[in-house]
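> Each chain is listed here by its residues.
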Amino acid sequence: GIQVEQSPPDLILQEGANSTLRCNFSDSVNNLQWFHQNPWGQLINLFYIPSGTKQNGRLSATTVATERYSLLYISSSQTTDSGVYFCAVERGGRGSTLGRLYFGRGTQLTVWP
Amino acid sequence: NAGVTQTPKFRILKIGQSMTLQCTQDMNHNYMYWYRQDPGMGLKLIYYSVGAGITDKGEVPNGYNVSRSTTEDFPLRLELAAPSQTSVYFCASSWGGKQETQYFGPGTRLLVL
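Sequences listed follow chains D and G, in order.
Residue 844 in this note's numbering sits at position 81 of the first sequence, and the numbers go up by one each step.
Residue 79 in this note's numbering sits at position 7 of the second sequence, and the numbers go up by one each step.
Rather than coming from a laboratory, the hints here were simulated on the basis of the structure.
For glycine and all other residues, C-beta sits at the position ideal for the given N, C-alpha and C.
Treat the hints with care, as some may be off.
[Unchecked claim] Chain G is nowhere near these chain D residues, computed Cβ spacing over 10 Å in every case: (1) R785; (2) N808; (3) R821; (4) D844; (5) G867; (6) R868; (7) W875.
[Stated by the list, open to error] Cβ pair distances, simulated, as ranges: (8) E778(D) x P155(G): 38 to 46 Å; (9) T843(D) x E151(G): 36 to 44 Å; (10) K129(G) x T843(D): 36 to 44 Å; (11) L183(G) x I807(D): 20 to 28 Å; (12) N73(G) x N801(D): 15 to 23 Å; (13) G820(D) x G88(G): 46 to 54 Å; (14) Q94(G) x P772(D): 41 to 49 Å; (15) L152(G) x Q766(D): 28 to 36 Å; (16) D110(G) x E778(D): 28 to 36 Å; (17) N781(D) x G88(G): 48 to 56 Å.
Produce the complete structure using the sequences and hints provided.
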């Protein structure tokens, strides 16, 4: 498979702070998604971003496919941002496998009021 | 649209018992997936399906079976439950396979004692 490493594993912030989460991957990809798993376990898709930059409100993401990493930015964090953030990738090129996503172990974010 | 629904939400099984985890999507998606999430880990793919009547193994298929008789339903069967199958199970779907956003159900928490 493809290796996906996320950092940091844990992040504690005060409300209003900004943060950057990183995802490194070991091979070329044609699909990269960021997910937020809320404290109730629900997985919410944040971004589909195999390359380039996207923004959605206080969240933005950038993927530099040639250097095999992606960044998720959270600005002005709120307590509702707490949870686990996962990066998931699908291997690209000749190794592409029909939507099979490989997940990192996630970043546990805790935002205090 | 209800999206992806899963039943039951929570189940306790004894070793050796069998059960079926149900998954239904109402988005007319062709592709469906089953993942498991162990504590502190990312998700791992168990099985996936590219359409009715077509299924294939993922990373961790041992101890599980699937079927896909309709576009909407993708049940996951555990024949002889083992403690190693204690996990949270997520079903997901996408319209296509490669390079598509996957949408996740709320999960089924399974405890095998």
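> Of all the hints given earlier, name the ones this structure violates by number, lowest first.
2, 5, 6, 14
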